[in-house]
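Heads up: the sequence lines are chains B and P, in that order. Numbering-wise (the numbering used here), the first sequence opens with residue 15 and increments by one. Numbering-wise (the numbering used here), the second sequence opens with residue 4 and increments by one.
It should be emphasised that the hints constitute simulated quantities derived from the structure, not laboratory data. Keep in mind the model is a prediction, meaning the values are calculated, not measured. Certain hints may be false.
To be verified - Covered, in the sense of this in silico footprint (three residues per stretch, anywhere, with C-beta under 8 Å from a C-beta of chain B), are these stretches of chain P:
| hint | stretch |
| --- | --- |
| 1 | 21-30 |
| 2 | 40-47 |
| 3 | 52-63 |
All C-beta atoms, glycine included, are put in the ideal place defined by N, C-alpha and C.
Spelled out, the chains give:
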Amino acid sequence: MHFPISGVTIDPVLLAGLGFLVGILGGFFGVGGSFLAGPALFALGLPMNFVVGTDLVHIVGKSIAAARKHHTLGNIDLRLAAIMVLGTIVGIQVGVNGIEALKKIGKVDQVVGLVAIIVYTGISFFVIWEGWRTSKMPSLKAKGKTENQSAVAKDKMAFGRFTRWIQRIHLYPMISLPHSGIKSISVWAILGISFIGGAFSSFLGGGAGYIRMPCMVYLLGIPTHIAVGTDLFEIVVSASVGSFQHALHGNVDILIALVMHTGAAIGAQIGATLTQYFTGPRIRLAFAPLPLIGAGLIVYGLMTGHQMK
Amino acid sequence: MSRSRDIRSFLVDLSIYGVLVFAYFFLVLRFFGGWLTDLFTHHRLAYAFVAILLMVAQAAGLEVVSQLILKWIRGKKS
Chain B
15 MHFPISGVTI
25 DPVLLAGLGF
35 LVGILGGFFG
45 VGGSFLAGPA
55 LFALGLPMNF
65 VVGTDLVHIV
75 GKSIAAARKH
85 HTLGNIDLRL
95 AAIMVLGTIV
105 GIQVGVNGIE
115 ALKKIGKVDQ
125 VVGLVAIIVY
135 TGISFFVIWE
145 GWRTSKMPSL
155 KAKGKTENQS
165 AVAKDKMAFG
175 RFTRWIQRIH
185 LYPMISLPHS
195 GIKSISVWAI
205 LGISFIGGAF
215 SSFLGGGAGY
225 IRMPCMVYLL
235 GIPTHIAVGT
245 DLFEIVVSAS
255 VGSFQHALHG
265 NVDILIALVM
275 HTGAAIGAQI
285 GATLTQYFTG
295 PRIRLAFAPL
305 PLIGAGLIVY
315 GLMTGHQMK
Chain P
4 MSRSRDIRSF
14 LVDLSIYGVL
24 VFAYFFLVLR
34 FFGGWLTDLF
44 THHRLAYAFV
54 AILLMVAQAA
64 GLEVVSQLIL
74 KWIRGKKS
């Protein structure tokens with residue numbers, strides 16, 4: 015089927031299937047899956063500027079239902095979210111300007127593709143390294159913790175010095191985040207991390223949770239469940255702003271985004287249900303190859319002129 | 004027994020939801036495609052607003068449909 019806005023021909027069932035798969039990943043691993051959705055769209059023939067903008071719109075839809083659920087669970091730190099939105103919006107503008115500059119010189123596919131390959135490969139190796147490092151630390155099971163609690167506690171131990179160092183930076187204005195259990199932290203630390211997340215989000219597409227989430231948990235010291243809920247809520251706002259900017263510049267094919275989202279909405283239900291049956295720190299290692307697959311799809315797309323049919 | 008009943012309800016929910024969703028997106032592609040393309044080509048600002056609104060509306064609508072189906076299934080079981 016022909017999608018006239020972006021000028022590509024893609025099977026809509028294939029698109030919905032891609033959204034379905036990404037939805038399962040999102041519901042199961044708690045990530046948006048843009049490291050697969052974006053590269054897959056590129057391999058199917060969508061130009062990279064449309065990949066970035068369309069995936070961002072798709073993220074808005076996916077995040078709304080999830081954010082609502084987290085809100086009812088009390089997992090959203092509104093004060094933190096408000097500050098993060100400011101930083102993310104500035105970062106998004108930088109990313110949008112970057113895409114427009116690359117469009118002018120005709121190098122969007124190559125530069126964004128190369129950056130995505132580096133980032134996704136880095137994420138995979140980081141997850142493997144982090145899992146290996148965590149497994150080397152002494153077991154906490156003797157202290158009565160479950161396997162998952164033990165893994166989370168080990169994560170905090172591994173990165174605790176970074177968190178303490180960030181929270182010791184006295185760059186005014188300082189703020190307290192009682193909902194996240196943080197007595198005092200510089201607003202600039204929050205703005206800096208959200209700026210980086212926003213720039214990645216609007217340059218590579220998706221919500222950039224792979225950058226923002228680890229930074230929130232390991233650098234700012236936000237409890238994981240609060241980080242997930244707050245991140246989702248903040249993404250709804252900032253991804254809407256980013257999507258609007260990209261749509262103004264002609265980088266969004268809303269028809270493709272709507273089709274993908276129908277599949278993602280179904281997949282997310284399955285993914286969330288599967289977490290009841292699969293638990294444990296090995297899940298994170300199962301996640302590790304996925305960004306590598308995304309990087310591989312981009313390599314395929316760049317080398318073959320992205321005509322995977 | 005309760006777990007297999009939950010799985011069955013979940014599969015019924017997904018099947019109904021899946022059919023409705025696929026019927027919906029074929030309708031969207033058929034009736035909205037031309038209008039959205041025209042907005043994209045000639046009225047970019049309006050297109051940007053409409054794109055975000057459509058995605059938010061679809062997300063909210065699919066969530067409502069999903070909840071209604073679940074309520075209907077649970078109502079039938081009791």
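Checked hints:
1. 21-30: holds (count 6)
2. 40-47: Coverage by chain B holds here, the residue count being 3 at a Cβ distance below 8 Å.
3. 52-63: Check passed, 10 qualifying residues.
In this structure, none of the earlier numbered hints is contradicted; all agree with it.
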